[in-house]
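Engineer: Here is how the chains run, residue by residue.
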Amino acid sequence: MSSATWRGVFTYNKYAQITARAVRQSLNETERVAAEKRGTTALKYQKWENGVGGQQVLLIPEVDKTAA
Amino acid sequence: MSALRLLSSAARRAPPALALQRRGYAEVADKIKLSLVLPHQAIFTSADVVQVNITAASGDMGILANHVPSIEPLRPGVLEVIDSANSSKKWFVSGGFANVHPGNSLTINVVEAAPLEAFSPEAVRANLSEALKVVAGNGSEADKIEARIEADVYEALQHALGSK
Chain A
193 MSSATWRGVF
203 TYNKYAQITA
213 RAVRQSLNET
223 ERVAAEKRGT
233 TALKYQKWEN
243 GVGGQQVLLI
253 PEVDKTAA
Chain B
5 MSALRLLSSA
15 ARRAPPALAL
25 QRRGYAEVAD
35 KIKLSLVLPH
45 QAIFTSADVV
55 QVNITAASGD
65 MGILANHVPS
75 IEPLRPGVLE
85 VIDSANSSKK
95 WFVSGGFANV
105 HPGNSLTINV
115 VEAAPLEAFS
125 PEAVRANLSE
135 ALKVVAGNGS
145 EADKIEARIE
155 ADVYEALQHA
165 LGSK
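Taken in order, these protein sequences are the chains called A and B. Sequential numbering of the first sequence, starting at 193, is according to my numbering. Sequential numbering of the second sequence, starting at 5, is according to my numbering.
Hints are computed from structural coordinates only; laboratory data are not their basis. Please note: incorrect hints may appear among the correct ones.
Claimed, not checked - Footprint (simulated), chain A over chain B, 3 or more residues, beta carbon under 8 Å:
id : segment
1  : 81-88
2  : 138-149
Stated by the list, open to error - In the BS3-like style, the derived pairs of lysine-lysine whose C-alpha atoms are separated by at most 30 Å in a straight line are:
id : chain 1 : residue 1 : chain 2 : residue 2
3  : B       : K37       : B       : K94
4  : A       : K236      : B       : K35
5  : B       : K93       : B       : K148
6  : A       : K206      : A       : K229
7  : A       : K229      : B       : K35
8  : A       : K206      : B       : K35
9  : B       : K37       : B       : K93
10 : A       : K236      : B       : K37
11 : A       : K236      : A       : K206
12 : B       : K93       : A       : K239
13 : B       : K137      : A       : K206
14 : B       : K94       : A       : K239
15 : B       : K148      : B       : K137
16 : B       : K137      : B       : K93
17 : A       : K229      : A       : K239
18 : A       : K239      : A       : K206
19 : A       : K206      : B       : K148
As the structure is a computational prediction, the values presented were derived from the model and not from experiment. Ideal Cβ positions, reconstructed from N, Cα and C, are used throughout, including at glycine.
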């Protein structure tokens, strides 16, 4: 909270997520694995028009797992 | 003798004082009900504790029984729960809110919390140096501010781990 300049750029939710991620990344190896799962978010949305659903889109595009 | 009797009967006739709720300072025996909750876990649920030390945005404070109702945003920092005269436990919390309710209860909502032993000082040091690099670099304003937020967390962690 000391660098309150984030208020002009981020919402409080985003700020809270940033600090939570920083805390998770500082845990011990064993704890970190369980904690990292808490940080992942997955959201799909779909736009509807005239009763017809559009394309289902992932909010955060999946990284291609097969890419080397 | 009769004067004494008169006095005591007069006292009995006087209306009893109403039980007003007076706010005083907490005695050592008074406890406050603490609920410390994370989105994924409830560390305390209405547990009686003596004192809770929090790092509020407006300054570090200790909350005892019968505290005035208030809402305090929390900085990333150490939260200490003193549950009886001699034992206390500490967690590092990432931030959230501490709400003192009327009726002597305290609810603390934080996003992430872990005991100090769960942290790795090497990871904190590495993360801090990376974050400071981004702050001093030439990325976008948002990236720099994000890195500055992270650096604040890591610095607070280092301080907490260094002076347990």
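Engineer: State for each hint whether it applies.
Structural biologist: Taking the hints in turn, this is what the structure says about them:
With 0 residues having a beta carbon nearer than 8 Å to a beta carbon of chain A, the segment 81-88 of chain B misses the requirement of three or more and the stated coverage is violated. With 3 residues bearing a CB less than 8 Å from a CB of chain A, the segment 138-149 of chain B meets the requirement of three and the coverage assertion stands. In summary, the hint linking K37 of chain B to K94 of chain B is supported, as the alpha carbons are separated by about 17 Å, within the 30 Å threshold. About 46 Å separates the Cα atoms of K236 of chain A and K35 of chain B, which puts this hinted pair outside 30 Å; it is violated.
Between K93 of chain B and K148 of chain B the alpha-carbon distance is near 34 Å, which puts this suggested pair outside the 30 Å criterion. Only pairs whose Cα atoms come within 30 Å are accepted, and K206 of chain A paired with K229 of chain A is accepted, the gap being roughly 18 Å. Pair hint K229 of chain A plus K35 of chain B does not hold up; C-alpha atoms about 36 Å apart against a cutoff of 30 Å. Distance restraint check for K206 of chain A and K35 of chain B: the Cα-Cα separation of roughly 35 Å exceeds the 30 Å cut-off, and the hinted pair is therefore not satisfied.
Only pairs whose Cα atoms come within 30 Å are accepted, and K37 of chain B paired with K93 of chain B is accepted, the gap being roughly 16 Å. At roughly 40 Å between alpha-carbon atoms, K236 of chain A and K37 of chain B are farther apart than 30 Å, so this suggested pair is violated. Between K236 of chain A and K206 of chain A the alpha-carbon distance is near 19 Å, which keeps this suggested pair within the 30 Å criterion. A C-alpha spacing of about 49 Å is found between K93 of chain B and K239 of chain A, which places the hinted pair above 30 Å, so the restraint is violated.
Note on K137 of chain B and K206 of chain A: the hinted pairing holds, with a Cα-Cα distance of about 21 Å set against a maximum of 30 Å. The straight-line distance between the Cα atoms of K94 of chain B and K239 of chain A is roughly 47 Å, outside the 30 Å bound, and the hint therefore fails. As the CA atoms of K148 of chain B and K137 of chain B are separated by approximately 9 Å, the hinted pair is consistent with the 30 Å bound. Annotation: proposed proximity of K137 of chain B to K93 of chain B is violated, straight-line Cα distance about 34 Å (limit 30 Å).
Straight-line distance between C-alpha atoms of K229 of chain A and K239 of chain A comes to about 28 Å, which keeps the hinted pair within the 30 Å bound. The suggested pairing of K239 of chain A with K206 of chain A holds, with an alpha-carbon distance near 25 Å, which does not exceed 30 Å. Only pairs whose Cα atoms come within 30 Å are accepted, and K206 of chain A paired with K148 of chain B is accepted, the gap being roughly 14 Å.
The structure shown violates the earlier hints numbered 1, 4, 5, 7, 8, 10, 12, 14, 16.
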